[in-house]
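**Q** Chain residues, written in single-letter form:
Number of protein chains: 2
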Amino acid sequence: MKIPAPKQMRDFYPEDMALRNHIEAAWRNASKRAGFQEWDCPIVETLELYKRKSGDEIVDQLYSVSTRGGNDQFAIRPEMTPSLARMVAARQGALPRPVKWFCIARMCRHEQAQRGRLREFFQWNADVLGVAGPIADAEVISVAIDALVELGLSAADVEVRFNSRTLLGALLTGLGLPEERHPAVFAIADKRGKATDEELAKLYAGLGLDDQTTARIRRLLDLSSLDEVKRFVAHEKVPGCEAALAGLDELVSLLADLGKGDFCRFDMGIVRGLAYYTGPVFEMFDRAGKLRAVCGGGRYDRLLELMGGQPMPACGFGMGDVVLGELLKDRNLLPSFRLGLDYQLIPLDDERLSDVIRLTGRIRAAGRSADFAHKAGGLGKAFKKASENGVGKVVLVGGDEWSRGCLKIKDMTTGVESEVPLDRFTP
Amino acid sequence: MKIPAPKQMRDFYPEDMALRNHIEAAWRNASKRAGFQEWDCPIVETLELYKRKSGDEIVDQLYSVSTRGGNDQFAIRPEMTPSLARMVAARQGALPRPVKWFCIARMCRHEQAQRGRLREFFQWNADVLGVAGPIADAEVISVAIDALVELGLSAADVEVRFNSRTLLGALLTGLGLPEERHPAVFAIADKRGKATDEELAKLYAGLGLDDQTTARIRRLLDLSSLDEVKRFVAHEKVPGCEAALAGLDELVSLLADLGKGDFCRFDMGIVRGLAYYTGPVFEMFDRAGKLRAVCGGGRYDRLLELMGGQPMPACGFGMGDVVLGELLKDRNLLPSFRLGLDYQLIPLDDERLSDVIRLTGRIRAAGRSADFAHKAGGLGKAFKKASENGVGKVVLVGGDEWSRGCLKIKDMTTGVESEVPLDRFTP
Chain G
1 MKIPAPKQMR DFYPEDMALR NHIEAAWRNA SKRAGFQEWD CPIVETLELY KRKSGDEIVD
61 QLYSVSTRGG NDQFAIRPEM TPSLARMVAA RQGALPRPVK WFCIARMCRH EQAQRGRLRE
121 FFQWNADVLG VAGPIADAEV ISVAIDALVE LGLSAADVEV RFNSRTLLGA LLTGLGLPEE
181 RHPAVFAIAD KRGKATDEEL AKLYAGLGLD DQTTARIRRL LDLSSLDEVK RFVAHEKVPG
241 CEAALAGLDE LVSLLADLGK GDFCRFDMGI VRGLAYYTGP VFEMFDRAGK LRAVCGGGRY
301 DRLLELMGGQ PMPACGFGMG DVVLGELLKD RNLLPSFRLG LDYQLIPLDD ERLSDVIRLT
361 GRIRAAGRSA DFAHKAGGLG KAFKKASENG VGKVVLVGGD EWSRGCLKIK DMTTGVESEV
421 PLDRFTP
Chain R
1001 MKIPAPKQMR DFYPEDMALR NHIEAAWRNA SKRAGFQEWD CPIVETLELY KRKSGDEIVD
1061 QLYSVSTRGG NDQFAIRPEM TPSLARMVAA RQGALPRPVK WFCIARMCRH EQAQRGRLRE
1121 FFQWNADVLG VAGPIADAEV ISVAIDALVE LGLSAADVEV RFNSRTLLGA LLTGLGLPEE
1181 RHPAVFAIAD KRGKATDEEL AKLYAGLGLD DQTTARIRRL LDLSSLDEVK RFVAHEKVPG
1241 CEAALAGLDE LVSLLADLGK GDFCRFDMGI VRGLAYYTGP VFEMFDRAGK LRAVCGGGRY
1301 DRLLELMGGQ PMPACGFGMG DVVLGELLKD RNLLPSFRLG LDYQLIPLDD ERLSDVIRLT
1361 GRIRAAGRSA DFAHKAGGLG KAFKKASENG VGKVVLVGGD EWSRGCLKIK DMTTGVESEV
1421 PLDRFTP
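Protein sequence lines, in the order shown, are assigned to chains G and R.
The letter at position 223 of the first sequence is residue 223 when you use the numbering used here, and the numbering goes up by one with no holes.
The letter at position 65 of the second sequence is residue 1065 when you use the numbering used here, and the numbering goes up by one with no holes.
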């Protein structure tokens, strides 16, 4: 009896692996071009680490891990940020600043599957720690965009929408909401566009907010340019917004300097659900509006302290492979899957197999890729397969050429056939 | 309070990640040169999959995984072969033969740690399915060696020792042991060199073998050349060894054809502990004899059936990153860890920061790597850091050069400084 794979997780057959490697290469290249260094942590962490950052609720989404005879409670990592904070905190004094780190990490969340969401996925994180100003936020947004550009996407395909938790906080305070109530409002505001109007109204009512305050919050979230916000702030005389607005103006200017102006726009509706954000927040969407967010992140200046480290400003993002794969498919940007061997060797008679294998060893030792047919015959089929597999050159070993001490080589790109003396063949 | 990492697992800080990437690149390059295709499976599989292959005992070593409200029992993968068999069985009719697949996989085993063994590690697997003859065994042994050669190791550093389960089986049968008792003997024989003589004697006694049979088994395992085995077989008139011996002769000849003769030798002491091997088996060791096996594998022709597939011959190996890392360290073959940026930009006054950022964006968009100092000043320290980080060129933005519309560029390899007009600068 066959045994099934775990539900809502993926097997990567070679053609699936080719897409994953294609995406991961773009992530890695963009990170390196921007001077980020790669890091990683174990696939499991203590349950305590996730509870510390996200509270007990997170446990419902975790894959819990235990060992026979072991007392420790672990979980498969559902995100990388707590591990990042743990590792930076452990060597905080010794690490050169700024800390610019990226990772490409497998993770698991036990959620209901939907389009663009699976229970196991790969996520690219890029974070800058140790920089308080918006230059760090601009850097992480820019590197996220760079990877998408490498994958063939443009500002016509994707858009980064950003906001600021500091600004949102000042505005909510201006509406008479004390700071301790903000996280609950952020969590509901983040559902805008995902939940219906009715569901949202119910959630706000659940907070005990009067209809007028709810209406003002919802009007606020519709503001979609910094000019609109500035007019609103001036008109309503909301105090404490200046620094946040100046920071966002600077962010806009830095993104333009980095050549990413066309990709980015302010949107008060971008809130992010998690409590831990403290400054700019952003999400990236396909402009067609068909998919979940491609990427999301923001500033989290207080996490290092929470994880037992010294205070340290920080910002970063996560970008998953599932939505991105869907987007590439939608835009017809999937890579072609070909083995791409340099040489395919074929014996023309079975007595030559040993020579074929020796030649294969020589080609590989010279750093080129080579494979060989295990027996003679079926030339037509062998050439067809070589062509499909993207083989560069087919080498025929045997026949008249061999008796003259030569190989017959066909260049599969040009179609040209040539006879090359064995002792002069250099792969 | 700081939260610790899970015990006997590794955090990968950038310098650790550099070593891991160095090893993985050699594994991947060797695989591709030999025409293997990459695959992967989920990090968890059903418990049933591992029990099916290895019996209930395996459960002690597993990291068990469960979800709230989920009934399925999972485990973090402790090896890849059961998943390989599951995935090949699922598409057995459609896959082109031979199936030559490799993977580079994270896995976890809850074992006691010792030198070269951790609870989380990365393992390279390369397998050939669909080929019954020793050419497939030679291919997997050869690709394992190729990766080590790429890492700088030679036949003076490592050695592959091989044997055959078929031969061993025939010899044990010749000693009067029926086939159903062989797996228990293999499991004990595999402990040779790891357990003391006394412990081994006790284990053999536990099987109920008389002293004479035990002594003969142990003498058998000391045979260290095929010639010795052939003399033994002829002298003792052991039946049923011919095919296995001919297969091993062919394997020796194929390994020589592939240029790997110097690396390989027969050793009757190589048994492998697992029950599922059916033909040639092999392990790779450092010649200094200081470390655990670098790599181990063999033929497992009956696994596909066990996993619900059609019968299909198969062979392959696993090579872990931990022992290999120790070996590279012992041989002084660790890679140097440098960021290796193409350009480091430095503003000479803070008013030029925006220009620096624009230039950084241009360089990255041209596909080169670049980072920048966030403020002016500290030139001496900046050059020192650039030199340590392996920066190619330092670009100074500001000062007199800037007022002439130029950049000052220092090539860190040659030490040559030049002045380049901004509009003629091409990264």
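Any given hint might turn out to be false.
Claimed, not checked - Taking lysine to aspartate or glutamate and the EDC-like style, the derived pairs with C-alpha atoms no more than 16 Å apart in a straight line are:
#, chain 1, residue 1, chain 2, residue 2
1, G, 32, R, 1048
2, R, 1032, G, 342
3, G, 408, G, 355
4, G, 7, R, 1342
Unchecked claim - With the C-beta cut set under 10 Å, the calculated list includes, among others, these residues of chain G facing chain R:
#, residue
5, 257
6, 357
7, 387
Think of the hints as simulated: they come from the structure by calculation, not from any bench.
Since we're looking at a predicted model, the values are computed, not measured.
For every residue, glycine included, the Cβ atom is placed at its ideal position computed from N, Cα and C.
**Q** If a hint holds in the structure, say so; if it doesn't, say that too.
**A** Hints and how they fare:
1. G:32 x R:1048: violated, 41 Å
2. R:1032 x G:342: holds, 10 Å
3. G:408 x G:355: holds, 14 Å
4. G:7 x R:1342: Measuring from Cα to Cα gives roughly 44 Å; hence the hint is violated.
5. 257: holds, 4 Å
6. 357: holds, 4 Å
7. 387: It is violated, given that the least Cβ distance between residue 387 of chain G and chain R is near 14 Å, above 10 Å.
The structure fails to meet hints 1, 4, 7 from the earlier list, while all remaining hints are met.
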